[in-house]
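Chain X is already provided as a structure; the job is to place chain C on it using the hints.
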Amino acid sequence: MSASPGAGTRPIVLITNLAKGYRRGDQHVPVLFDISLSIPEGDFIALMGPSGSGKSTLLNLIAGIDKPDSGELLVDGEDITRLSESELADWRASHVGFIFQFYNLMPVLDAFENVELPLLLTSLSRRERRERVDMALALVGLTDRRDHYPNELSGGQQQRVAIARAFIADPTIIVADEPTGDLDRKSAGEILALLRRLNEEMGKTIIMVTHDWHAVESARHVVHLEKGELVDDKKGADSFSASSATASGKGI
Amino acid sequence: MYYLKLVFKNIFRHKLRSLLTLLGLVVAILAFGLLQSVVNAWYAGSDMASARRLVARNAVSLVFPLPIYYRERIRAVDGVTAVGTSNWFGGIYRDMTPANFFAQFAVDHENFFDLYSEFRTRPEELLAWKKDRRGALVGRLLADQYGWRVGDVIPLKGTIYPGTWEFVVRGIYEPRDESTITRQLYFHWDLLNEEIKLKYPRRAEQVGVFVVGIADGSRAAEISQAIDREFRNSLAETLTETEKAFQLSFIAQTETIIAAVRIVSFVVIVIIFAVVANTMAMTARERLAEYATLKTIGFGPAFVGALIIGESLMITALGGAVGILATFPAAAAFKAAMGSFFPVFKVAPETVAMQVACALVVGLLAGLLPSIRAARVKIVDGLRYIG
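Chains as they are written, first to last, in my numbering: chain X, 21 to 272; chain C, 593 to 979.
No lab work stands behind these hints, which were simulated from the structure alone. Please note: incorrect hints may appear among the correct ones.
Said to hold, decoys possible - Simulated crosslink set (DSS-like; lysine-lysine; CA at most 25 Å straight-line):
hint, chain 1, residue 1, chain 2, residue 2
1, C, 927, C, 938
2, C, 970, X, 247
3, C, 749, C, 722
4, C, 789, C, 749
5, X, 87, C, 970
6, C, 723, C, 749
Unchecked claim - Which bits of chain X does chain C cover? Going by a derived footprint, with three or more residues having C-beta under 8 Å, they are:
hint, segment
7, 118-126
8, 170-178
Cβ atoms here follow ideal geometry from the backbone N, Cα and C, with glycine treated the same way.
For reference, chain X alone in the conformation it holds in the complex:
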């Protein structure tokens, strides 16, 4: 796992004129309009906006689990909009760690096995996988819970397992869809602290969708979406739009 404290200048995610809509019967419902965005390596972005603003859709596009209608989306220099479904699956395995609001752990697997899942897609030996999982569980403070099943863990603990699963394969980016949305304040605080550590100590680029202003405080930058458009850069001493990263779109 790499360690590069603070945000760099190299854009790890580069979005140009991205648009996305869905079909509702015969109608095409546009969700994202002409989004252009650059996220530097090692950044921690909070994507905010009201419900239906398109923030989860944007996150899904960046994570490669959905495809845009038009535009370009480069992650670590690779245009993922040109990848086929099976190529995208391989790409996600090595480039993306996903943290869900409701943890999405496999209920029949214990904490250790859940964290190990992404490593099954690598060429690591069993011993190497075990070492990595032990290390990840130690990092999230769940060494003593390695044999516990999700239903034996609290919400906060489940999310910590999910976080360990998200970074275990050393992905290029970690995307989190409202990671504290289902947690009490204390557990949410622990999860945010963990995400900050991943970002600051391990240099992980994190893109997080959230409604929670406390969560926003953990991020380096905020990207605000409204009605499918980027409207503001609410935060960032490093001047998100002026220096290494830029957010643009209609209404900015």
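Chain C alone, transformed into the frame defined by chain X:
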């Protein structure tokens, strides 16, 4: 390894549902095996038939007899090595309940058993039987059922040949193998003929069928035609056929029942297919979010599809295995209860193979559609799904 672990753990997530599905599978595979064995048992008589035996009967109907003097003319036909006579006696032992029904034949005692090498007789018993006009040779199965021993007297109430008939057991013949039916009683045709001659002279000197031994089974058709030609345009024309064809002609009378049993056995499989398919469809629908999560992590559609097919196959394999194992004791119990109807009742290797095939096909087909659906579901749709 991980795949199998996931599949196995998933099976028992809904214990009650899985156990009920397994129970249904066990019952279905067991019922299928038993019904197929019933069909096989129906054909047991024809399976026992020898290719080197022909049966000549009255061409009009089996109900009409043939004159005994045909025997010598049949014996003279080229290719014939031996001729035996046989009359269906149709007597009642104890009562008319199906359990006490068994076949009795009045046969040509001198050479009849030479024609049936599958009946293993002790020479001294066979000789004793031949010498005793009232003697009876009984099969092992029949002797065991009633506890008969040599010297026991068996009273039979005649139906076709009225009166009370008593026979003394002079020997018990053994089966050559498990396909040999040993649930018959044989006595002297001479005795029957003498008694009939006294009471109903017009019915005397007649036999039900001639059992014809031939040296070369490949000449069966040719010899059959030669025998029938011999009696063409006579008062009692013959119809000669192989013993197997003769036995199958009896089965043909009940063909509809056998067809119904066959159909029911497959209907059972279709029903359990619907049950397993429903279980797998519910299972896959409930887990769409999990499959979407696996895809998000990087597992491909093939892995997700294989998870469902694997689970379906494992359920049917488990249920099928238990069902097949249960078929053997169930068949033994069935034979104990219905042995009078099905003297040869066994679970054939072909039946087990069909049970295995049915279980696997059901598992494969039941998991196919849900697995395709899960493999094709878009991740974003799957993640939104709340099972």
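Taking a Cβ-to-Cβ distance below 8 Å as contact, does the segment 170-178 of chain X have at least three residues touching chain C? violated (count 0)
25 Å Cα cutoff - pair residue 723 of chain C, residue 749 of chain C: Measuring from Cα to Cα gives roughly 23 Å; hence the hint holds.
Restraint check for residue 87 of chain X with residue 970 of chain C, where alpha carbons must lie at most 25 Å apart: 10 Å, holds
In terms of beta carbon proximity below 8 Å, does the segment 118-126 of chain X have 3 or more residues touching chain C? With 4 residues closer than 8 Å to chain C, the segment 118-126 of chain X meets the three-residue bar; holds.
When you check the alpha-carbon spacing of residue 927 of chain C and residue 938 of chain C, does it fall within 25 Å? 8 Å, holds
Run the distance test for residue 970 of chain C versus residue 247 of chain X: straight-line Cα separation, threshold 25 Å. Holds, at roughly 24 Å.
Holds or violated: are the alpha carbons of residue 749 of chain C and residue 722 of chain C at most 25 Å from each other? With Cα atoms ~23 Å apart, residue 749 of chain C and residue 722 of chain C stay inside 25 Å; holds.
Starting from residue 789 of chain C, check that the Cα of residue 749 of chain C is at most 25 Å away, please. 18 Å, holds
Violated hint: 8 only; the structure is consistent with all others.
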